[in-house]
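Participant: Below, each chain spelled out in residue letters.
There are 2 protein chains.
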Amino acid sequence: MANPPQAFVTRKQDEDRVRDFHHIWHPCTQMKDYEEVPPLLIDRAEGIYLYDREGRRYMDVISSWWVNLFGHNHPRINRAIREQLDKMAHVMFAGVTHQPAIDLAQTLVKVSPPKLTKVFFSDNGSTSVEVALKMSLQYWLQTGKPQKTKFIYLKGGYHGETLGALSVCGIGLFRDKFEKVLMHNIEVEGPDCLRCPFGLERESCHAECFEPMAQTLEKNRESVAGVIVEPLVQGAAGMKMYPPVYLKKLEEACQATGVHVIYDEVAVGFGRTGSLFVSEHHGLNPTFLCLSKGITSGYLPLAATLTTDDIYQAFYDDYVSFKLFIRSHSYSANPLACAAANATLGLLIEPGFMDRLEPKIKMIGREGECLRDLPWCGEFRQTGMIAAVELVKDRDTLEAFPIEQRVGYQIFLEGLKREVYLRPLGNVVYFIPPLVIEPDQIATMMTAAHESITTVLKGT
Amino acid sequence: MANPPQAFVTRKQDEDRVRDFHHIWHPCTQMKDYEEVPPLLIDRAEGIYLYDREGRRYMDVISSWWVNLFGHNHPRINRAIREQLDKMAHVMFAGVTHQPAIDLAQTLVKVSPPKLTKVFFSDNGSTSVEVALKMSLQYWLQTGKPQKTKFIYLKGGYHGETLGALSVCGIGLFRDKFEKVLMHNIEVEGPDCLRCPFGLERESCHAECFEPMAQTLEKNRESVAGVIVEPLVQGAAGMKMYPPVYLKKLEEACQATGVHVIYDEVAVGFGRTGSLFVSEHHGLNPTFLCLSKGITSGYLPLAATLTTDDIYQAFYDDYVSFKLFIRSHSYSANPLACAAANATLGLLIEPGFMDRLEPKIKMIGREGECLRDLPWCGEFRQTGMIAAVELVKDRDTLEAFPIEQRVGYQIFLEGLKREVYLRPLGNVVYFIPPLVIEPDQIATMMTAAHESITTVLKGT
Chain A
1 MANPPQAFVT RKQDEDRVRD FHHIWHPCTQ MKDYEEVPPL LIDRAEGIYL YDREGRRYMD
61 VISSWWVNLF GHNHPRINRA IREQLDKMAH VMFAGVTHQP AIDLAQTLVK VSPPKLTKVF
121 FSDNGSTSVE VALKMSLQYW LQTGKPQKTK FIYLKGGYHG ETLGALSVCG IGLFRDKFEK
181 VLMHNIEVEG PDCLRCPFGL ERESCHAECF EPMAQTLEKN RESVAGVIVE PLVQGAAGMK
241 MYPPVYLKKL EEACQATGVH VIYDEVAVGF GRTGSLFVSE HHGLNPTFLC LSKGITSGYL
301 PLAATLTTDD IYQAFYDDYV SFKLFIRSHS YSANPLACAA ANATLGLLIE PGFMDRLEPK
361 IKMIGREGEC LRDLPWCGEF RQTGMIAAVE LVKDRDTLEA FPIEQRVGYQ IFLEGLKREV
421 YLRPLGNVVY FIPPLVIEPD QIATMMTAAH ESITTVLKGT
Chain B
461 MANPPQAFVT RKQDEDRVRD FHHIWHPCTQ MKDYEEVPPL LIDRAEGIYL YDREGRRYMD
521 VISSWWVNLF GHNHPRINRA IREQLDKMAH VMFAGVTHQP AIDLAQTLVK VSPPKLTKVF
581 FSDNGSTSVE VALKMSLQYW LQTGKPQKTK FIYLKGGYHG ETLGALSVCG IGLFRDKFEK
641 VLMHNIEVEG PDCLRCPFGL ERESCHAECF EPMAQTLEKN RESVAGVIVE PLVQGAAGMK
701 MYPPVYLKKL EEACQATGVH VIYDEVAVGF GRTGSLFVSE HHGLNPTFLC LSKGITSGYL
761 PLAATLTTDD IYQAFYDDYV SFKLFIRSHS YSANPLACAA ANATLGLLIE PGFMDRLEPK
821 IKMIGREGEC LRDLPWCGEF RQTGMIAAVE LVKDRDTLEA FPIEQRVGYQ IFLEGLKREV
881 YLRPLGNVVY FIPPLVIEPD QIATMMTAAH ESITTVLKGT
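Respectively, the protein sequence lines represent chains A and B.
Following the numbering used here, the numbering of the first sequence begins with 1 at its first residue and continues without gaps.
Following the numbering used here, the numbering of the second sequence begins with 461 at its first residue and continues without gaps.
Honestly, the hints are just simulated from the structure, not real lab data.
Only a predicted model underlies this, so the values are computations on that prediction, with no experimental measurement involved.
Incorrect hints may have been included.
Computed, partial: chain B to chain A, Cβ under 10 angstroms [what the hints assert, rightly or not]:
(1) Asp493
(2) Trp525
(3) His534
(4) Gln559
(5) Thr577
(6) Lys605
(7) Thr609
(8) Gly620
(9) Lys637
(10) Leu744
(11) Tyr772
(12) Ser788
(13) Tyr881
Beta carbons: idealized from backbone N, C-alpha and C, even for Gly.
Between the sequences and the hints, there should be enough to build the whole structure, so can you do that?
Facilitator: Pasting the structure below:
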């Protein structure tokens, strides 16, 4: 380990990669993998492409971890940041305010569900969720129901990796090693449309799978503060998709039992599903809405937690009541990030923008046909601009590939050869491209995925 | 509440403030306070001054929540961001790397204590702490000591407000309302130099107050994963200061009992104490070092958790062992923020820069004399560029002002009248100015504080 592995030193001009190997611990990465395949050294990016030092380009079909909406180096977003930089990069956000944050808050309130009127800023998806959890807990404490201290989350749900956010995560891979220290929340069996226990289809069912949630809410109404879900698409679970009828039922049940609804639209918000927000598009009214990722179109870390006036009022009082929400990230509402977000929203709400996604969404479905026909296709699924193919060993039994086989990782390597940056989640190859992807690029993306999958799996 | 309060509408051009009041929930703020005194609407900033729309300026003596080092709108940092923006604002950091992050990691490793060789990036101080906590837990799990799941923290300690970070917070104001859901860690009575139970002075003592920590470590060595402290200055507790001998004892005791040492230098790092890092300056060797705030000189959110090769190796294995550290913030190592950080470190490590702080540090002490002479001065204390005066009702008994009196808030308002942005922590008026503050500005800052305090407290 003192010496960098062979894969590095045999390449010329790879000094930077050696320095990377010596000093950086990359996120969500087994660093030993880099002994054989070092990370791409990306120097610049343009549109939907990343460029390495040798000038090779890679199509960023997962939008740099689901954040980029309008491509890299977008002139309007770049300009917005440059102009704000000339005035002020940052200022504290307690006792002080600034126009980029005010504009952003007003726009978010305008385009989100009508009951959401207040915006609390933080830095990333995890903190946007933790803010919602803490506001919910403190709300109940200050309105005479201090026993409401638990949250319900779905199996397969993912809401970030700080310990609070992790306590509402329904994926063992993320939480198992920290189980002993996590707060005790309640996991509920959620929708699993590919393997629907009722044998129904997501297009026509009535969310019969809602029953466990209904029962859990009823049984725990006294102790539950809120329910948190990723609406329509469970991202980290492998882009698992379920129908909006589940959300309608959830809202009704939460209203009936006096429980907050927290929508985590960190991954699905800002146009990904073909509408600006899932909640707004389907006429849903969450108590909290958590936003991040696409909010700056993948330029800068920023997050927002939106909530209702009812919640806000439970904290609004004379100072000495100490009902205020004590939470203070130094970079709350960072003006540069707000400027990027304002430019992003400006682009998103331009007349006709969402309509122009329609043909792209259709094309993703059409081009995805080739994946549907693969002998290893358990399911090809799509919600707006998000699509995924779940690969299985056996189409009939839906038997999964053994984890040791690392099918996804091998497909990732094949993708790189084809200049497409796929990064499968386990055995799920997914696409969440920048919204500005063009028809010919959609075709290239799907063809590359098809070839990469076939190359890895033929003969298995 | 449907209508904005009178303080807003009577002012001209205050439409933005009304929008702020309607839509924004500010951090760490009782929003009702804004009915009488709305937040400053800051349009631009330059050097150590913030400018509002009417052209009034405020000296930023708390560096916009302790983040700014080189003043606002610094040409070198602005240029670094602009140049990076032309290439690439952001790219995912798993499977990909980039030069701004590599340069930054190498510099951090070079200037921090020698055993810290690996850098993990995230977005803010809370996450830098949560990363350290989780790495420590997972390290013990993967090295055969899964029972080590608790952390020791100091009374008065503050390490962020996500629920994991809050579980090692020793200040009731921040944690009490969430007590029921926090993981169970161990609070230890720490140094309290102003009210030293041994009647000693911090300049000459031998950290006799270390005894409770020594006993707790000894008693809980089997279950404790790590100890977390803010070295030398407990910021949120009111800039409470203690001597380095405490840290030497802590390091020895942790080594003897097999417990990780986590230094949270989020607030004190990057020159604040007159040295680059407390740990490096005092020859200390923590297992983890958490950094944020000043890392980008207050421009953009960024954080880093540094650790040792020993920790790293416990995660380094074949993928199928699943020993990897699964943690993935979308904006990890954001290139724009890394560019700002590289420019910041470039300025900090320029030959002679730290030496040039010396006369400023002396001047803060000298000018602070006027505060020391106040009849309400419990203590004037200073560590490098950080200074604070703890105001008390009675100098002899050190009796505090009742919380309902809101002495600190009134001093804040008086400060604004004198164009100085003080933001006391309770009854502690503190100064943590940008490192580039000039001698005449130090004098102005202290004079304004003296006047503001006197105006509020005379006659009490």
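Participant: Output the indices of the hints that this structure fails to meet, ascending.
Facilitator: 6, 10
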